[in-house]
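Visitor: Chains E and S, in that order, are what the protein sequence lines are. In this text, residue positions in the first sequence follow this note's numbering: the first is 1, and each later residue adds one. In this text, residue positions in the second sequence follow this note's numbering: the first is 1, and each later residue adds one.
For the record, the hints were derived by calculation from the structure and aren't laboratory data. For clarity, every value in this text was computed on a predicted model and none was experimentally measured. Please note that the accuracy of each hint is not assured.
In silico contact screen, one side only, chain E against chain S (beta carbon under 7 angstroms); selected entries [stated by the list, open to error]: (1) 142; (2) 461; (3) 463; (4) 501; (5) 507; (6) 515.
Where a beta carbon is used, it is the ideal one built from N, C-alpha and C, also for glycine.
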Amino acid sequence: MTRTFLGLPVRRGARTLPDDVARPGGHGTSASAGRASDAFGDVPHPDAPLRWGDAFPDAARVALQNTQLRRNLAHATSTIRTKRAAVVGEVPDWEALRDAGSAIKTDVMARLPELLEELERNVVARGGVVHWARDADEANRIVADLVKAKGVDEVVKVKSMATQEIGLNEALAAEGIAAYETDLAELIVQLADDMPSHILVPAIHRNRAEIREIFLARMGDAPPDLSDVPRELAMAARAHLRRKFLSAKVAISGANFGVADTGTLTVVESEGNGRMCLTLPETLITVMGIEKVVPTYTDLEVFLQLLPRSSTGERMNPYTSLWTGVTPGDGPQEFHLVLLDNGRTDVLADEVGRAALHCIRCSACLNVCPVYERVGGHAYGSVYPGPIGAILTPQLTKASGGLSGHDDPNASLPYASTLCGACYEVCPVKIDIPSILVELRAREVDADRGRPTGWGAAMKAASFVMSDARRFRLAGKAAGLGRVVAGSKGRISTLPPPASGWTRSRDLPAPAQQTFRDWWRDRPADAPRTEGGEGR
Amino acid sequence: MRIALTATCLGDVMFPQAPRATALLLERLGHEVFFPERQACCGQMHVNTGYLDEAVPVVRNHVEAFSPVLDGEWDAIVVPSGSCTGSVRHQQGMVCRRAGLDDLARTADAVAAKTYELSELLVDVLGVTDVGAYFPHRVTYHPTCHSLRMLHVGDKPLRLLRAVEGIDLVELPAAESCCGFGGTFALKNAETSTAMLADKMTHVKATGAEVLTAGDASCLMHIGGGLSRIRAGVRTLHLAEVLASTKDAPAPVGAGTADGSAR
C-alpha cells in the first residue's frame, strides 16, 4: 500500500481532492510531514466500502484502546440519545407513527418493482432522466459519464450514504473528477482522508480539537488563527465551501425518499449545503437506493415526523428539499435519477432479512447501541456501522467478492451485538434487529457446517446434554468438579481457551455443591417453608 | 395456585439459590410449587449463538416437560429469568417452525402463554407487590435487557423491591444500559464485553450498594464475576433471593465471599 506524505495509507482511487485544496508541502514531499503525520489517527482506507479491515472482534479490540475515540463517542452518543428521548417522548402518537412507518415500508417491499416503474414514469414525465444501476460499478460509470458529458472536472456533493456505499468519490477521482463533500462532517472526513464512522454524523469520532487540526493542515484556506470554537470551525468551512457552491455546474446527491405517485425526490438536512447543491448547479444527479421509494406524497407525512426526531433529535430538520423533475427557469435544468440495486434485490428475496431494507438511515440504533458506543463505526468495516450495519452489510455483500462463511470478515458482524434490544426499541420503522441478527447467525452457522469447529462441537455436545434431564443431571454433578478448580476461595479465575475469554476479566463462581434438582429431590416432604441455612 | 417452576439450566447447576428462593417465596405466599423433573434448558444459548438445529431437541424437551400445563396440571409456569422467559415466549416457536415442526411450535406457543417471569407472576398474576420480605441492606437494581425490552416488565421488580421492609434501595445510574454479557458474546467479543462491564461496575460502585440485584442469574454471573475480580465488596443476589429473605431466614449478606461472587 502506498502512503501519502502524511504517512497515511492512500485511500482507493487516491486524490479525492484537487490540487487547489492545497495541502502543506503538497503531494509527494515530506516537507511538513512532522506535525500532522499522526494527527488524524490510523484510518481505514478500503478497497470496498462495504467490506474492509479485520473481522469485528479484532477491529473492535484496536478501537477499544483509542481513548480519544472512546471519550468522543461516549459524549456524542449520550448527548444525542438524550435529545432524541426528549423529542420522541413529547409525541403522543409516536408508537402509531412507528407502526405506520413499518406498514408503509412493508407495503413498499411487497410491490417494489411496480412502485419503481411508477417513480420512473413520473420522473420522466416531469423532465427527468432515470438510470438503472445493478451494482456499484454500473452506478459509478453512469455518474462519471454524465459528469464528463457536461465537460467539468469537479462536482459538489450532498451527504449521501448511497454514494459512500459505492465509493463514488474514489471512482470519480480515478476519472479525473474532484467531488467536494459539502456537509460539514463529511467535509471533515474527506479532508482527513478518513472514512465515515456514523451514518448521520460521519465525523462523530472526531472532537473539535482534532477538527481544527484537520482544517489547518488540509483545508488550504483555513484562517491561520483558527480556534476550536465550533462556530469558528463552521464559519471556516462555510467560507471554504461557498466558492464551490457558486461555481459548480454539477451536483450529486442521495435521496431520503422518492415518491412514486408524483416523481418527487426528497433530501432532509440540517446545514443548508444540500439546498445549495440541489438548487444552484445546472445539472443534478441523484443516486438513490431502490428501497427508498414510497408510494404516495402523503406517506412523507409519516416519515418527515419519524426521521428528524430519530436522527438528530430535532422536531423538524432545518431544510427539507423536495423537487420533481425539472422546472424551467428554476433550479437545475437537467436532472438524472440513478436507481441503485447493489445487492438490494438479494436482500429483498430474503423473507427474514428484507426488513433491513425498511431502514430510513436515521442512525438512532447506532446512538443507543452499547457496542457501537464503545468501539465506534470503523470497527464494523463498512460505511453502514452499528446494529443496522450488522444486519445490512453482510446481506448486501453476501453474493459479492468471492468471500463466504468464515473467510468473510462480514460474517462476524451478526455476532457484534449482545442482543440487548435497544436498537429495536428506538427504530422508527420497527426493524426487529435482534431477531434478524439471530437469523443471520443461524445462516452463518449453517453455511459453515461442513467445517469442524470448536464452537460446533461444543454446541452439539451441549444440545445432547441439555435435551435430556438425566444427562443434564449427570452433567450438573460433573460440573460440581469445578469446585476443585475453584478451591477454598470459591471462585475460578483462570480457565483455558475459549473460556479464558471470560476469566481474563471476570471470575466464575464455583458450581453449586448441590444442584437445585438434587436439593429438590432430597427435600423432605414436610420441608420448612423458609429460606437460608445450609448449602450456601 | 399450582405453579410449575423452571429452574433454568444455569440456576439448576450454578446458582441453585435463585430457583430455591423462588420456590420458597411462592410457598410462603401460600402457593403450591412443582418442579417438573424432565426439564433441563430452554435452548436460549443455542438460539442466540445461531445453532438453531441444535436448539430443536433442547426446545422440544422443554416444551414436553411443561406441556402438562395445557391439561391443567398447573395453573402457571414461573421462570426466575427474564432472558429465559423471553426465549420461551419469542424464540421457541420460531425454532420449531424453522425446523418444519408446526405442531411442536403450536404447543410451544401455548406453553409460552402460560409462562411468566418472576416479577410478572407476582405482580400481574398473583397481584402482590408486598411479599412480606425483610432485607435491611443498601441495594441497587439492574434491569436486565431481556426483562426490560423483550418482556417489558417495566417497574414491576422495583415495585416489589420498594415494598421490602428495611431495604435501602438506591437508583443505579445508566441502569438500562446492557452489562455486556450477551451469552456467548462475552467470549466471542470478550474485549467489547469487558468494556461494557467496566462501565456497569463503575455505576454499581457509585451507588455505594452492598448488594446488586437483578432478575437474571446470567447477567449477575457476568457483573458479579467482574465485581469479584476487582474485589469490589459488592455482592450479587437474584431478585428472588431478596424477596425470599425474611427476619427468620435472611438472605446471606456479609458472611462468606462478600467479594462480589454470587454465592
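Visitor: Should the interface hint for residue 501 (chain E) be scored as holding, given a Cβ-Cβ cut-off of 7 angstroms against chain S?
Guide: At about 4 angstroms, which falls below the 7 angstroms cut-off, the nearest Cβ of chain S leaves the hint on residue 501 (chain E) intact, so it holds.
Visitor: For the hint on residue 507 (chain E), does the least C-beta distance to chain S fall short of 7 angstroms?
Guide: 4 angstroms, holds
Visitor: Can we keep the residue 463 (chain E) interface hint, with Cβ of chain S closer than 7 angstroms?
Guide: Constraint on residue 463 (chain E) satisfied, holds at 4 angstroms.
Visitor: Using the nearest Cβ pair, does residue 515 (chain E) come within less than 7 angstroms of chain S?
Guide: 5 angstroms, holds
Visitor: Return the status of the interface hint for residue 461 (chain E): holds when the least beta-carbon distance to chain S is below 7 angstroms, violated otherwise.
Guide: With a minimum Cβ separation of about 9 angstroms from chain S (threshold 7 angstroms), the hint on residue 461 (chain E) is violated.
Visitor: Using the nearest Cβ pair, does residue 142 (chain E) come within less than 7 angstroms of chain S?
Guide: 39 angstroms, violated
The structure shown violates the earlier hints numbered 1, 2.
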